Amino acid sequence: MSEYPRLQSLKRINGVMTRYYVARKALARFKPLAYVTSGAPVEIMAAMGILTLYPENYGALCGARKSATGLCQAAEATGYPADLCAYARSHIGSVLQPGDAPLKGMPRPDLLVCCNNICGTVFKWYQALAELYDVPLFVLDVPFQRVTPAEPNIIAYVADQLRELVTWLEAHTDRRLKPGRFQAVLSRSAEAIGLWQEVLAFGQHRPSPINAPDLFAAMAPIVALRGTRRALNCYRGLKAELEQRVAQDIGAVPGERIRLLWDNIAIWYRLYRFFRPFMDAGACFVADTYTNAWTVELAPQEPFVGLARAYTGVFINVDLPMRLRTIADLARRFQVDGIVMHANRSCKPFSITQSDVRDALRDELGLPVLILEADMCDERLYNEGAVRERVAAFLEML
Amino acid sequence: MTPETTHPEARPLLGFLTAYVPEELFHAAGFTPVFIFHTPRDHGHARAHLPGFTCWVAGSALDQALAGELDGLAGMALAQTCDTIQGLTDLWRRNVPHIPLFHFGMPLRLDGPAARAYLLAELRSLRERVQALTGHPITDDALRHSIALYNHTRPLVRRLYARASVLPPSGGNTSVLPPSGGDRGGAPDLYALIRSAFQKPKETYNQALEHHLQSATSNLHSPFSPLLPPPSPLHSPPSPLLPPPSPPHLLLSGPALADSILFDILAQSGAHVVGDLLDLGERYFAVDVLEDDAGDPLAALADRLLALVPTPTKHHPQRTRAAHLLSLVQERRADGVVFARQKFCEPHGFDYVQLAHALDRAGVPHLLVELEQASQAGQLRTRVEAFVEMISQPHVP
Amino acid sequence: MVTAGVDVGAITAKAAIFSDGELRATALIFAGYDREVAARQVLDQALAQTQLHRAQISCLVATGYGRVQVPGADRTVTEITCHARGAHFLCPEVHTVIDIGGQDSKGIAVGAGGRVLDFVMNDKCAAGTGRFLEVMARALEVDLADFGALALSAPRRATISSTCTVFAESEVITHLAVGTPRPEIIAGIHEAIAARVATMVGRIPVQDTVVLTGGVARNAGVARMLEEKLDHTIFVPAQAQLAGAIGAALIAQQQRET
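Protein chains in written order, with the numbering used here: chain A, 474 to 871; chain B, 17 to 413; chain C, 2 to 259.
Hints listed in this document are in silico derivations from the structure and should not be mistaken for laboratory results.
Computed from a predicted structure; not experimentally measured.
Hints are all accurate, no fakes.
Partial pick of chain A residues on the chain B-facing surface, computed with a CB cut under 7 Å: (1) Cys592; (2) Gly593; (3) Thr594; (4) Lys597; (5) Asp614; (6) Arg619; (7) Asn626; (8) Tyr630; (9) Gln634; (10) Arg818; (11) Pro822.
Heads up, the beta-carbon is just placed ideally off N, CA and C, and yes, glycines get one too.
With the hints as constraints, model all of the structure from the sequences given.
Set out below in structure tokens:
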């Protein structure tokens, strides 16, 4: 069995995120704190000096720390059906039983900002939080981008609401949006996204210096710290380390002979362990659709319209033909030999069209596709034996 | 062929799902909109496209379409509501290309000028897209005519509900139905009549419903016969625990209009359904469209959609479902609420918890039943009967 | 006044006979495939223990999964209401009843006189019911009667994380393959069912005294682990499996008195 080289930058990123949580708890006494969804335009809050925390990111943490089962049960005991999104159940469980939760739960928010561009479930989740915490909720309604490019009516609606969001934040806090600060944050955000895209692009190398689980472990800053200098530092460091690997011809998976693409959210409670059989067979996941979800470019010149376009056009909010083009393009550019799709019980937007995506990729690219049923966060839905069998059969096929 | 000249029964059919499709617009275009209710029958076609954890309300429509059962439709309309419907939009476009799909981007937000402006723009966009298919314009006059027609239906349905909430149910178990006349009353008949509203041309429906409401008794062999045959005398169960002096009043909540098995079980349990918060139930018929010869009919349609009590996928900060449910409990003197949730329905899953907690605070008993593609009558019956037994117990001081 | 209760479940049929407020006889048999025959037989068996005849029964209440198939029943009442009433008879201080049957499980909040205040049910999924234990016992080739004691004898518990019986079975097989000691696997199985039941029961207020009824109540392993999960002592009456039939007979008595 080969030794799997670890990226040093990941340790640093982990440290940054731990400090982020700890700092939020401390700073929340002095600055307003907003819970936001992963697809929310965090640049606005960052520019206004409003702290942000991500219940979804926390849900992933619960999954990774294997605390999700107990927390989900706590939520289920108050009536939440067990087939609802596991991030929501875990997080709500942590609100009900903070003693059993990682970091003893998240600090109380002052505000809730919910953007439905990633799914409709977040709206219901945030409604529940608004009641649990009795705090104001802003709903940013981003319509489904059913054709690409987006229809002007949709962009206008979203841009209108972004301006409304600023007014609302100003009314509920003592913060103001200063244009200068806003532009600075937007620039940093655009730069961070650019850096992140460069990091992802390293997967095109043969051998790839990076594997999907590394990307999952590294993605928290681009989600939660977009617009900050810390995010830039994290990814400059990671980029440099990857450049070094390429220069020395070091692959993330020694003896890389199979290149794969991963679809859907990570399986957080098996972050690296899941990929062991692949690594042992020389298979590296050189690209994925989940980390690619944060690659939309911002346009600092026309802030609200630019943000509206960026946040409407996220991968999971666009029509299926557009998503297929994106995935097929990824598969070609990264020269993949096969695709593994996580049929994630918790995420309907990602999972509901997977069968059709599989068929289209098989027909169009002639690539073998494996669909695995599991859940991103709820370990009770993970069938170790079945997964092992199917992975083994798939690897034999390649 | 214009809408006004085509006989109602001869108009092309437009299938739809969700409680937010602007039916009047499609009617004005010359279609008869019909809701595609889910059925327990599974042809296995949808399973090839949808994961196992998908609700059957959406799954059944796709399944029926792929099995060729919907080939009579000239089009299909879906309003933006939940992630599953959004996915269905994609899957329909790809797999059912012979039935053109209209996606109507109903906003999630019901408050504020931005949402209204967007909704209006989306109605205009929908009008254009439908016109492009039919090849003739949808005039404002045609819209006003359709609006008037649908405005005629709703007060009739409201009367139906008012009557049903007052009439006692037929009582525990009438194993033999009267051969003619004698409205059984109760949930199965009421909801069969409501379902008909979504399956027949409004012109026909309005007439028949008026007639039904006028006559003291209704002919059971009318077009409104219940969808399930009455229980056979041989298998009629002995009556449950002696019914209390007045049958318990229940409200229903959920997306369950098509699940006739539920209504039959409710009727047989001896409970009296006095109202509902079903997506296609009372709330759907509660608000009329403002009729104004000088105004913009699309704006009037928009205002009705914004004024309705929200379904779980829509948001109005003040007009909440919990407040509405509690006022309904008070108004109808309900003894309990039955939540009928489709398995895997996320919006109703979360909504149930919020509403249940509100009912807990108000001391109102409630029951959750989960419905599936093929719901088990025995299991449903046990839960419903146990709940009815529980709320029928005399109150202890 | 003589009344009777017949509880026809998925696996067993039970009967109880009361006369003048006293429990006179009970019986329990396997239900087999013909519920009607089973109902008749179990009632006859109970009667045979007394000097009473069928005709002397002034009211018969039927309950359980097969309640509509009990011949001669005057009323049907759900097992929720009957278990609450029966548990109250067996333990007057009861406030929470947990019933784990062959194919379903229930949690019932009980008030004064054995009335139902609230209830939750699991009848959709085998995990959390007797079926789960049956499947696992078969997979391990162990007698179901020994299952509970073996679970309690283990120093450690293997982890069985799946909520699904089918998945859990494959987890058990994996454990066997890697050499996990059998008692530990069995302990893990018991923990899994207890966890599942506890989550369900958590949806109603859990208050002392907590009474366990139904076929699985005889399994000391489940009872112990359930105590752990709920952090409450659990009382298992000697006639735990008969709570439904007893409750039905008492409701029949109440019927006649009003």
